[in-house]
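Given the sequences, and given the hints that come with them, work out the whole structure.
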Amino acid sequence: MSMNQTETPSAGSRPQKPQPSSNGLIDISIRYGFLALLVGLVIFFSVFASGFAGPRSAVFIFQSVAITGILALGVTCTLVVGGFDLSIGSVATSSMMLAAYMMVVLEQPAFVAIIACLAMGALIGLINGLLIVKTKVPDLLATLGMMFLLVGLQRIPTEGRSIATGMSLPDGSTAEGTFSPLFLQLGRHRFDFMLDNLLPAPVIFLVVIGILVWVFLELTRHGRLMYAIGSNERAASLTGTNVNNYKILAYMISGVLASIGGMLLAARLGRGDIASGTNLLLDAVAASLIGFAVLGAAKPNAFGTSMGALFVGILLQGLTMMNAPYYTQDFIKGLVLVIALVFTFSLSARKAGGH
Amino acid sequence: MNGTLCDLRSVDKSFGDNRVLKQLNLSLPAGSVTVLMGANGAGKSTLVKILSGVHALDAGSITLLGKDFRPSTPSEAIRAGVVTVHQNINDGVIPDLDVASNLLIDRLAEPGYGFFLKRRQNYADAERIASQMGLTLNVRQSVAELGVADRQLIAIARAMAHDPQLLILDEPTSSLSASEAERLFLLIERLSAKGVAVLYISHRMSDIRRIADRIVSMRDGEISGVFEGDELDYEGAVNAMLGHRMTDADISVGAPGKPVLEIRDLKLLSGSKPFDFNLCENEVVAVTGLLGSGKSAFAQSLFGLGRPAAGSIRIDGEDYAPATPKAAIARGVFMSAKDRANNAVVADFDITRNITLPFLSRYSNLSFIRRSDERKTAQEMIEALSIVCQGETDSIGTLSGGNQQKVMLARWLAEDCRLLLLDEPFQGVDIRARRDIGRKIRETAKNRATLVFVSELDEALEVADRIIVMTEHSVAAEFRNENVDLNEILTAVTGALPADAGSAARTAHA
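The listed protein sequences derive, respectively, from chains G and R.
Just so we're aligned, residue 0 is where the first sequence starts under numbering that gives the first Met the number 0, counting upward by one.
Just so we're aligned, residue 0 is where the second sequence starts under numbering that gives the first Met the number 0, counting upward by one.
One or more hints might be untrue.
Which bits of chain G does chain R cover? Going by a derived footprint, with three or more residues having C-beta under 8 Å, they are [as the list claims (entries may be wrong)]:
#1 221-229
#2 236-248
Below, a list of computed lysine-lysine pairs in the DSS-like style, where the Cα atoms sit at most 25 Å apart [to be verified]:
#3 R:K375 x R:K257
#4 G:K133 x R:K325
#5 R:K66 x R:K193
#6 G:K135 x R:K325
#7 R:K445 x R:K375
#8 G:K332 x G:K298
I should point out that these hints are in silico values taken from the structure, not numbers from a laboratory.
Bear in mind the structure is a predicted one, so any value in this text is a computation, not a measurement.
Using N, Cα and C, we set each Cβ at its ideal position, and we do this for glycine too.
Here you go:
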């Protein structure tokens, strides 16, 4: 009722007390703890896992990080407006199947395939957004529904088979198209960076997209308003912000980025593989949630998300090289995620808890 | 029958530096209905929460039936016989369950109940409780199918299942129709005849006249008046609740500039009385009225949050019918919303970002925000409103309530506007910040029209040139804030206007 001030005691014009020095240590550990952990992890694996410190393992890490990272940046945008996108994994695999279908079955050039994939991503984002803001379906449920829908949809044109040159089509003919070499380069080309053939092309995509998303969220008016919506939707709308449009925009960004991730996956694999991409959703969500803990942001942010993706990549590569069995990977990812969330929510709550 | 059932002695309660209850003394006699009146922030809710075991008191004592009563949890309070029906009905019932389960839910939660539901016995028990309460309901019906009144009665019936000594009802009629409320009153009368003490919190004069045996007014954490006897002094009770201490704020009514807002025959609801209203530059007008008088609906219709049923609004001589807050802001109508925690404060942002939120395009090129510009504005506003902080990048959460409110005001003062609407700008603000804010509103009022929506009369007197009083979604009276007769305003506020005085006031404003 009327006692709102109980939560925010009216302290009048009392000056704020300086923070006691013991908080300094907590502050530092909240801000830099995660990055220190990342550096520590690299040093640890360099010492104990032979071959970890070489360029070959760097390539592996970059490659595994790139696609998840791009998807995670999309999830980050939806998290910023206080939403969530569970459909990214299936958007990515749908995009992979669509790219393969366009080129292999319909024998279209790479350019057309790329446009089709991007348009599909944007359209799915739009539908997600409309479901959430217009029909008021809760975000998790709307995107979960979309996830199921897409997982099913992508199998219908090929009757559940993977797409590769020479496959037989439902009408009995054989698919004659091929992936254009240029398209394959998107996923396979390696740039020289200090060493020959060090950086896979998808990493460049990740860096460029990461910078764009960071600039958009941190430096522009639109990003600022999206954060405002995520923090207090009602307040944002009472300051004249069109909340619905921004929410739809966030889901469209997420859809487009997921479709880019899917294309890179198709380019790397050279086929539309029905079985791949199963881990994309969970890895991307983990990366963006781990990103909360980076630099003590306690909110979704592009830099943190990229670091989160890198962290998971390094951890898994290091453990693989130390001969940890593959089936422990998900467990370890989950563990890291839980620890990062504890970091974010308990420590930063303590930081803000003085008031 | 009239022995004291519950006795509060020198009860103190503070939240941080905010003293909400100050040495409060109150006794509740058995078998009578005590109505508790108090404006927002008077401490009613806190008092209720202490009695119902949600909060612990800081100092003082409560005795219940002669024994010390100090509940540490709500269930402890219920076991001791103090049962509370909260304002929000949906807190009191579980819509997806049937009536019987709702009536017996507390029993189901008790440890001794056993693992399986005893359906047959439950239905029998529920029917017994319902008939004792005079409820004619099918106990197998789902609560979701019932109306608000039935839900409210179920919540109360459930409370009665505990055999309470003290029943606390917090604004129980706020969502009931007159006939539904009558059912509730009959129930309350039956209970009070059985010797239950009832503490009834309400603003509605009609309720109070109907049900009150005694009236207790609360103000600023203290009991400001107790009224009992055969003839209850309703007006005195309202006086005591709203307070009529003249404040030392000195208002000199300035000369109004050119007209800004012109309202003709505006009907806020389809059934409400149409009213006219004019507002000029350099004028600060306070709109006051009790809860549900239509203040909020008026503010909302001016800011594109709701459409009036009929009538015309013009701003600077041009028709004005905003569909969204965005459209309102584009026409130079700004509103600082009430209940800042829910409607205004962006908790994740610092002071600067909170201030510049509505007008970010002023601080950006091609959508890129110029940080130094917005920080400069924030620094200026911090200076102008004497916001106490370490700097413009302080997180909003580190500020006190009064300073947060100043930041919310700064958000809208940072740009020029034609009409500024301030909905409860003094809500949850200490006296000093309240003075600062009021002064600032008047200082900056020169080139715009200003409407301040307040429920406390003190606040209206401190800030306004004119005061308009709303009742039943229409303007009931209007006063110029010079040597104003407080009693006249008070009678207008409570709607206890004698017929002739009412028409006089109405002609005065027309």
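Evaluation of the provided hints:
A count of 6 residues in the stretch 221-229 of chain G with a Cβ less than 8 Å from any Cβ of chain R is obtained; the coverage claim is therefore met, three being the minimum. Counting residues of the stretch 236-248 of chain G whose beta-carbon sits less than 8 Å from any beta-carbon of chain R gives 6, enough to reach three: the coverage restraint holds. For the hint pairing K375 (chain R) with K257 (chain R), the CA-to-CA distance comes to about 32 Å; that exceeds 25 Å, so the pair is violated. Taking the CA atoms of K133 (chain G) and K325 (chain R), the gap is about 19 Å. The hint holds against a cut of 25 Å.
A C-alpha spacing of about 21 Å is found between K66 (chain R) and K193 (chain R), which places the hinted pair at or below 25 Å, so the restraint holds. Among the hinted pairs, K135 (chain G) with K325 (chain R) is consistent with the structure: their alpha-carbon atoms are about 22 Å apart, no more than 25 Å. In summary, the hint linking K445 (chain R) to K375 (chain R) is supported, as the alpha carbons are separated by about 23 Å, within the 25 Å threshold. Distance restraint check for K332 (chain G) and K298 (chain G): the Cα-Cα separation of roughly 20 Å lies within the 25 Å cut-off, and the hinted pair is therefore satisfied.
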